[in-house]
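Number of protein chains: 2
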Amino acid sequence: MSFLERVSFNHATFGPTASFRTFLETVVETGAGGVGVWTERLDGLSPAAAGELIRDHGLAISGVNRGGFFTGSTTEQRNAAIDQTLRQIEATAELQADTLVIVPGGLQPDMKDIRVARDQVKEGIARVAPFARDHGVRLAIEPFHPALSALRGVVNTLDLALDVCDVHGEHVGVVTDIFHLWWDPGVYQAIGRAGSRIFGHHLCDWKLDAVDPVADRGVMGDGVADIPGITAAVMNTGYSGWMEIEIFSKDDLWTMEPSAIASRCLGPARVCLEEAEMLRKI
Amino acid sequence: MSFLERVSFNHATFGPTASFRTFLETVVETGAGGVGVWTERLDGLSPAAAGELIRDHGLAISGVNRGGFFTGSTTEQRNAAIDQTLRQIEATAELQADTLVIVPGGLQPDMKDIRVARDQVKEGIARVAPFARDHGVRLAIEPFHPALSALRGVVNTLDLALDVCDVHGEHVGVVTDIFHLWWDPGVYQAIGRAGSRIFGHHLCDWKLDAVDPVADRGVMGDGVADIPGITAAVMNTGYSGWMEIEIFSKDDLWTMEPSAIASRCLGPARVCLEEAEMLRKI
Chain X
1 MSFLERVSFN
11 HATFGPTASF
21 RTFLETVVET
31 GAGGVGVWTE
41 RLDGLSPAAA
51 GELIRDHGLA
61 ISGVNRGGFF
71 TGSTTEQRNA
81 AIDQTLRQIE
91 ATAELQADTL
101 VIVPGGLQPD
111 MKDIRVARDQ
121 VKEGIARVAP
131 FARDHGVRLA
141 IEPFHPALSA
151 LRGVVNTLDL
161 ALDVCDVHGE
171 HVGVVTDIFH
181 LWWDPGVYQA
191 IGRAGSRIFG
201 HHLCDWKLDA
211 VDPVADRGVM
221 GDGVADIPGI
231 TAAVMNTGYS
241 GWMEIEIFSK
251 DDLWTMEPSA
261 IASRCLGPAR
271 VCLEEAEMLR
281 KI
Chain H
283 MSFLERVSFN
293 HATFGPTASF
303 RTFLETVVET
313 GAGGVGVWTE
323 RLDGLSPAAA
333 GELIRDHGLA
343 ISGVNRGGFF
353 TGSTTEQRNA
363 AIDQTLRQIE
373 ATAELQADTL
383 VIVPGGLQPD
393 MKDIRVARDQ
403 VKEGIARVAP
413 FARDHGVRLA
423 IEPFHPALSA
433 LRGVVNTLDL
443 ALDVCDVHGE
453 HVGVVTDIFH
463 LWWDPGVYQA
473 IGRAGSRIFG
483 HHLCDWKLDA
493 VDPVADRGVM
503 GDGVADIPGI
513 TAAVMNTGYS
523 GWMEIEIFSK
533 DDLWTMEPSA
543 IASRCLGPAR
553 VCLEEAEMLR
563 KI
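Each protein sequence line maps, in turn, to chains X and H.
The numbering used here numbers the first residue of the first sequence as 1 and each following residue consecutively.
The numbering used here numbers the first residue of the second sequence as 283 and each following residue consecutively.
Looking at chain X on its own, in the form it has when it is part of the complex (with noise of 0.2 Å):
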């Protein structure tokens, strides 16, 4: 498979004013062969409707965001997130996307034991699964950054992650976002023993000098992340899925045109990709 045949870039990249279609049409400029797709920005296209245009110009979904936020202080805000993520399951469905992403959810300011924040977690899943199987769509849980527990993602580890897949089917497994992972003392063994659970790998890195983990996020190779082998560990699991460029970059990409970030992006990923085939090989 070629480089680009297994290149994807996430709307986000572009920033959060990139129209869908402007999204669509700078994608293929590039030749890249996925999309990373956000539900709430189709351009008021129903998800068949926007199924069908991302089709129409020959690119495939390397996942959906989003669903998850199990995590809250009350019985009513865990119902309505688990409501949220059954519909998000349906429209991964309408769009024929395989992949739903789940974020788990952070704290709230009464809530100060992490541990009952990850049980909710859990339980979210536990909840939404039968019906994702039932509708075709895996779910990839993503570790977050600790940097980001408390606002995002209580599961810090993909450890931790795959604790919660582990009681489930094949249906649900994880994304390796290099941001989130990079820091873990363990992070290459738990890489394998995810093995065919990875469903979805982030392409991005961590830079030195980071001043917000939400959106000042580095092009590859801008930061201190071991991006081709940590990319290496996953291929080496026997991934063969796409090499999704999601990057938030508020003060960066986000102040370029669409297509000048798609090439500012481009390159290192071709670097980093090759690196990591190299590393393959060693």
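Check each hint, because a few of them may be wrong.
Pulled a few chain X residues facing chain H out of the computed Cβ check, cut under 7 Å [claimed, not checked]:
1) Ala147
2) Asn156
3) Trp183
4) Val224
Derived lysine-lysine pairs resembling DSS-like cross-links, with alpha carbons at most 25 Å apart [to be verified]:
5) X/Lys250 <-> H/Lys404
6) X/Lys112 <-> H/Lys489
7) H/Lys394 <-> X/Lys250
8) X/Lys112 <-> H/Lys532
9) X/Lys207 <-> H/Lys489
10) X/Lys250 <-> H/Lys532
11) H/Lys394 <-> X/Lys207
12) H/Lys532 <-> X/Lys281
13) H/Lys532 <-> H/Lys489
14) X/Lys112 <-> X/Lys122
15) X/Lys112 <-> H/Lys563
16) X/Lys207 <-> X/Lys250
Here are the computed distance ranges between Cβ atoms for each label pair [said to hold, decoys possible]:
17) H/Val310 <-> X/Gln84: 54 to 60 Å
18) H/Glu311 <-> X/Asp119: 41 to 47 Å
19) X/Gln189 <-> H/Glu452: 27 to 33 Å
FYI, nobody ran anything at the bench for these hints, they're computed from the structure.
Since the structure is predicted, the reported quantities are computational estimates derived from the model, not experimental observations.
Backbone N, C-alpha and C fix where the C-beta goes; we use that ideal spot for every residue, glycine too.
Assemble chain H onto chain X, guided by the hints.
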């Protein structure tokens, strides 16, 4: 031992401008028994003279900041860090303090494998440990939150810090700082593993909306960390050392007068320690 007898204030809690003497006087007024000092903030006094002044105020030293920063891309850099740490060990002995805090060190633009940097920390500790032992100084490795792995501490879990300690004598241990450790799924177990190797315990909190992991830390109770639970776990190891209030808080505490800062921290510290004692009895 009464609450105040085991509470210490770190100089940093009073911001970057409070002088050494102001710091000591403020702490004496609170009735707290200990101070965490920084060798570069002794009002120009020699460590020996500063130690005497501290004792004249009826205070003890909970810890000395700081040595370490053992990582670097050149041998010269790493050797300089070792020399600097040897000088800090001497200063700690001259202060008649027993514990030097060790900051592991972070990454640099040309360091893209955090595992190599972790090995440099191991090597650094190995090279200063005998000198510390000969000077009667304990080295307390402080694991850093992964948000600061790149900037300050590639040793980013308590377990990793204990791995470094394992090959040394009983004078090489750790600091358990709640801000750095609260997110870790393995923290409670690692505290048990640490046992008698906990040489300091830092009280602070992780704010839900923290904007900067260096200088936007919370007063106990203002955030989402399980301070009583983690502190109870530390107590359960038999730890009877200092409860040090160390809060880097640029936009909150550091805008206040020293005495106001002390009062603002002392009440919440008391509540947390009482809750921790309660948890131990359950």
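Enumerated hints in conflict with the structure, sorted upward
Violated hints: 5, 12; rest satisfied.
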